[in-house]
Amino acid sequence: MSARREVWITGVGLVSAVGEGLDQHWDKLMAGGAPSYDDKTFAPYITFPAVPLNLDTQIPKKGDQRQMEAWQRIGVYAAGVALADAGIAKNAEILDKADMIVAAGGGERDVAVDAAILTDVRKSNKREAFVNERLMSDLRPTLFLAQLPNLLAGNISLVHGVVGSSRTFMGEEASGVDALRVAHARIAAGQSELTLVGGAYNGTRWDLVLLFRLGTPLLEGQFKPVWDRGPEGALTLAAMGAFLVMESREHAEKRGAKPLARLASVQSSRNLRKAGESEKTLREEFDAIASSVKKDSAVIISGASGAEPATSEEKKVLAETGLPVRATATHIGNGMEAQFLANIALGCQAVRKGTLFPPSGSGDTGSAPAQGISQALVTSVGHWRGEGLALIERVD
Amino acid sequence: MAASRRDSKGRPVVAVTGMGIVTPLGTGKVDNWKKLTAGESGIRTITRFPTDGLRTTIAGAVDHVFEQGMHSAALSEKLARLAGTEAIAESGIGSKGNFPGPFFLAFPPIEIEWPQRFALANASGANDKIEYGDLVRAATKSEFRSFYEESKYGVVPDNLAEHFGTQGSPISLTTACASGATAIQLGLEAIQRGECDAALAIGADGSITAESVVRFSLLSALSTNNTSPQGASRPFSKNRDGFVLAEGAAALVLENYDHAVARGAKILAIVEGVGEKADNFHRTRSSPDGKPVISCMRNALADAGVTPADVDYINAHGTSTPENDKMEYLGVSTVFGDHLKNIPISSNKSMVGHTLTAAGAIEAVVSALTIINQRIPPTINYAVPDPAIPLDVVPNVARDAKVRRVISNSFGFGGQNTCLVLTGDLA
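The listed protein sequences correspond, in order, to chains A and B. Taking this note's numbering, the leading residue of the first sequence gets 217, the next gets one more, and so forth. Taking this note's numbering, the leading residue of the second sequence gets 229, the next gets one more, and so forth.
If we strip away everything but chain A, and leave its shape as in the complex, we get (with noise of 0.2 Å):
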């Protein structure tokens, strides 16, 4: 394969609970203030619902919004302002060629139907046949397209027209840090001229928020920032749409796209989450980047989850590194296959911007250095599993 190559990032589109684009999100987080969550749609749980969003902007026709559930169109939107800030939205040459890795969960059920169902199948003598009987003539055919993980990739191709390529990952917050790092190493080693990677997930929705509580604790009572919920940890599920696009820095020049930032290096790693195992692969992960770290000007964009053990082996590793912290998932919640990508659009901001938001919690330390940021190091050390570590460099 030819040498490793430069990769760029020359675009993003982002979506949370505190606004859309990179520049809103910086100033609402510099801004400081509480962060904007919900606990009253699904108490006694607190949960991050995404800002609304003008979706006509991106999403052009109704037949399409209406095609679609919540997680598909702040995806499909955030992938348009990505498409849009590199300067590629429309451009059928460039489009056809787009390769396209993305992130995503499950799309959401029916709760009315499968509440009714659940309510009247007592009076059934034959459970199954009943549920058999009223999902034909109750669940909307179009459903299924809504639910499927890959019609996110599906309705980007359709709505924004990227064609080269389609590939969805699955599985939590380590399926966005493999979409990233697969992402790079194919542009890296010359598979790829350009890639919008990204993800999507709208945790504020009962069928996840059941999900989630069958085996993790959720936040519930008193807000606390990620670093600092207890023993048991705990998570706020989030709606999220990130999506970058990344190209070759030879692909950039030649048509004059100017970077956000390089993505020098992306790492993804697995272990059980034994005690202490999330230490060791975190401080492993820094090592193997130790060499190309600026001590005095990185900073980190911490992926931590609240879930613990996991956050608090992770800011005993960050502490060590004696470089300045902030956790976002307390500001954005949690957004799972599009955590990471959320964190890495946020880095490309922190470096652009050199400055860094107030911290919040006891895992959030230092500020911004003087002389600027020349590096964010992201982490991800998802709730269950998906470790990873990213460096982003400022283009000068």
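Listed next, with one range per pair, are the computed distances between beta-carbon atoms:
{"id": "1", "chain 1": "A", "residue 1": "Thr-358", "chain 2": "B", "residue 2": "Pro-613", "range": "30 to 36 Å"}
{"id": "2", "chain 1": "A", "residue 1": "Arg-221", "chain 2": "B", "residue 2": "Gly-533", "range": "19 to 25 Å"}
{"id": "3", "chain 1": "A", "residue 1": "Ser-578", "chain 2": "B", "residue 2": "Gly-533", "range": "53 to 59 Å"}
{"id": "4", "chain 1": "A", "residue 1": "Asn-270", "chain 2": "B", "residue 2": "Lys-357", "range": "31 to 37 Å"}
{"id": "5", "chain 1": "B", "residue 1": "Lys-357", "chain 2": "A", "residue 2": "Ser-578", "range": "39 to 45 Å"}
{"id": "6", "chain 1": "A", "residue 1": "Pro-276", "chain 2": "B", "residue 2": "Asn-601", "range": "49 to 55 Å"}
{"id": "7", "chain 1": "A", "residue 1": "Phe-439", "chain 2": "B", "residue 2": "Gly-422", "range": "46 to 52 Å"}
{"id": "8", "chain 1": "B", "residue 1": "Asp-566", "chain 2": "A", "residue 2": "Gly-303", "range": "40 to 46 Å"}
No wet-lab data here; the hints were simulated from the structure. Beta carbons: idealized from backbone N, C-alpha and C, even for Gly.
Here the structure of chain A is known, so what remains is to put chain B in place on it, guided by the hints.
Below, chain B alone, put in the same frame as chain A:
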């Protein structure tokens, strides 16, 4: 040391050194090949769950693998283990529980299923109207913790990574009906980049439930030929009326050719090229001009550095839906032109049904077996040819033939298309 082998693009050559397969026809290459070349059908009346009220009551369920009470995740994982174990044993690579490379798993999206919802509803104590909030209250009970593990996307790939001892973070993926081929493609690319000498690619799907049948029925995608299960999947026939849902798995050990040769491994096939092209026409329908599918096949041939005249056999996507088969004909007739009359094209789905996420991997294994055995499995149930799609579909009976190179097509819902080009060992 021998000079390293490179392909027409200067990339490392990627060999297949191990293969495993499970379909409704049986477990393992020997059994499957025997039945595929005998023209047997694995489609049956569904017995796993009551089918009252369903429009379609037939499927290619892996009843010989299913165990009572298995959730889709557990069945799919078992299928992946069976296929992966066969493939790794054949390749002889690594050691037990230590596969020296990354893992790419094509896997169906899984979720909480109805038996679990019933259990939560019962435990909620709600006696009037049941709402999701009631289920969530019951969810805090530790007895339901397993539901979480059975319904989270990351769990099965992680279990399998642990079982096979693959390296790094396992990648699970979906590109709908092209997923199995995408898993192979990701492994191929990782080896071409020089990241690894070997990769494990598995496609597995054991997700036939009443609700999955309902979902595809509501999209009018399934055959309703319930009275004749074995005759229901009729790719390229005039009276085809939809696909038949099926389950199965296939695994391929992909390996840098030099690495395989150096350790004395048997080369089963070469993955010579892969092509992709997404479709932006419609969520479930292919572009009527066939352009994405045409580009996909052309991309695969170009990636392999070969021309249409170099292809001896097409392993069709061939789902048996009215639309796919027509569109696939348009695609192959455009790409292969006059040469098409010399190329047999058959659909394994006529016998196996449509294994969705697993199909691309299963058909890659069958393509390799076709090259190894120089024998082409038939398209069965071909009684009423469709005059609009004149193809040599290897009707009903297997055929001996000189097969040096195969293109295997996979076209997915959501417009995700992937084609693989396979050949035999390097001359």
